[in-house]
Amino acid sequence: MSQKYDFLKNVASDSGISTDSDGLISRELAEKLNEKDELAHLREEFFVPKMGTLPEADSAIIDPEEESIYLCGNSLGLMPKAAKKYADEQFDKWAKMGVFGHTHGPVPWALCDEECLPGIAKVVGASDVSEVAMMNGLTVNVHVLLTAFYKPTEKRHKILME
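Heads up: take any position in the sequence shown, counting from 1, add 453, and you land on the numbering used here.
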């Protein structure tokens with residue numbers, strides 16, 4: 454079997470939880486895994502939507518005050534609590550400085566991408582910040598790539614997207 458499967462079986466066995474298929478998908482094992490998770494403390498750094506605030510939750514079967522189980526990290530993940538703080542700082546700067554926020558203050562908006570470059574360079578293995586750039590979001594970047602590389606011809610002039 455896989456290493457992950459063996460890991461789950463070992464944690465279950467060490468915790469006195471059945472290692473059959475029911476035990477390996479039990480809430481009890483999930484709680485034991487959470488106890489062992491070295492990153493579990495980071496959960497407190499995010500806002501987790503309550504069940505009662507989700508528009509498609511069936512109010513007849515949920516506790517509106519219970520935190521949701523949020524599995525949408527590939528699209529719009531949980532909001533970091535720090536993001537609200539940082540955004541509010543910039544809104545305050547905008548209110549106080551107006552257009553001068555583009556070029557003045559601790560993080561001038563026109564240069565804000567430069568704040569991220571050292572970290573991004575490290576993540577992607579670049580040897581220098583001059584090798585990386587931060588810009589836009591995924592959708593805009595896909596369109597930028599299309600404008601650079603898409604060369605329609607009489608026979609090839611359509612784009613198929615999933």
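FYI, nobody ran anything at the bench for these hints, they're computed from the structure.
Don't take each hint at face value.
Here are the simulated lysine-lysine pairs, DSBU-like style, with alpha carbons at most 30 Å apart [stated by the list, open to error]:
id	residue 1	residue 2
1	LYS503	LYS534
2	LYS537	LYS457
3	LYS546	LYS534
4	LYS549	LYS503
5	LYS549	LYS575
6	LYS503	LYS489
7	LYS538	LYS575
8	LYS489	LYS549
9	LYS538	LYS549
10	LYS534	LYS485
11	LYS575	LYS604
12	LYS608	LYS575
13	LYS549	LYS534
14	LYS537	LYS575
15	LYS546	LYS489
16	LYS549	LYS537
17	LYS575	LYS611
18	LYS485	LYS462
19	LYS537	LYS604
20	LYS489	LYS457
DEER-style ranges, computed between Cβ atoms [to be verified]:
id	residue 1	residue 2	range
21	VAL582	LYS537	44 to 54 Å
22	LEU477	HIS557	52 to 62 Å
23	ILE515	LEU564	44 to 54 Å
24	VAL582	HIS610	37 to 47 Å
25	ASN463	PRO559	47 to 57 Å
Heads up, the beta-carbon is just placed ideally off N, CA and C, and yes, glycines get one too.
Hints, one by one, checked against the model:
no., hint, verdict
1, LYS503 <-> LYS534, "holds, 15 Å"
2, LYS537 <-> LYS457, "violated, 36 Å"
3, LYS546 <-> LYS534, "holds, 19 Å"
4, LYS549 <-> LYS503, "violated, 34 Å"
5, LYS549 <-> LYS575, "violated, 35 Å"
6, LYS503 <-> LYS489, "holds, 25 Å"
7, LYS538 <-> LYS575, "holds, 25 Å"
8, LYS489 <-> LYS549, "violated, 46 Å"
9, LYS538 <-> LYS549, "holds, 17 Å"
10, LYS534 <-> LYS485, "holds, 26 Å"
11, LYS575 <-> LYS604, "violated, 34 Å"
12, LYS608 <-> LYS575, "violated, 43 Å"
13, LYS549 <-> LYS534, "holds, 23 Å"
14, LYS537 <-> LYS575, "holds, 26 Å"
15, LYS546 <-> LYS489, "violated, 42 Å"
16, LYS549 <-> LYS537, "holds, 18 Å"
17, LYS575 <-> LYS611, "violated, 37 Å"
18, LYS485 <-> LYS462, "holds, 12 Å"
19, LYS537 <-> LYS604, "violated, 42 Å"
20, LYS489 <-> LYS457, "holds, 14 Å"
21, VAL582 <-> LYS537: 44 to 54 Å, "violated, 28 Å"
22, LEU477 <-> HIS557: 52 to 62 Å, "holds, 57 Å"
23, ILE515 <-> LEU564: 44 to 54 Å, "holds, 46 Å"
24, VAL582 <-> HIS610: 37 to 47 Å, "holds, 39 Å"
25, ASN463 <-> PRO559: 47 to 57 Å, "holds, 49 Å"
Consistency note: the structure conflicts with the earlier hints numbered 2, 4, 5, 8, 11, 12, 15, 17, 19, 21.
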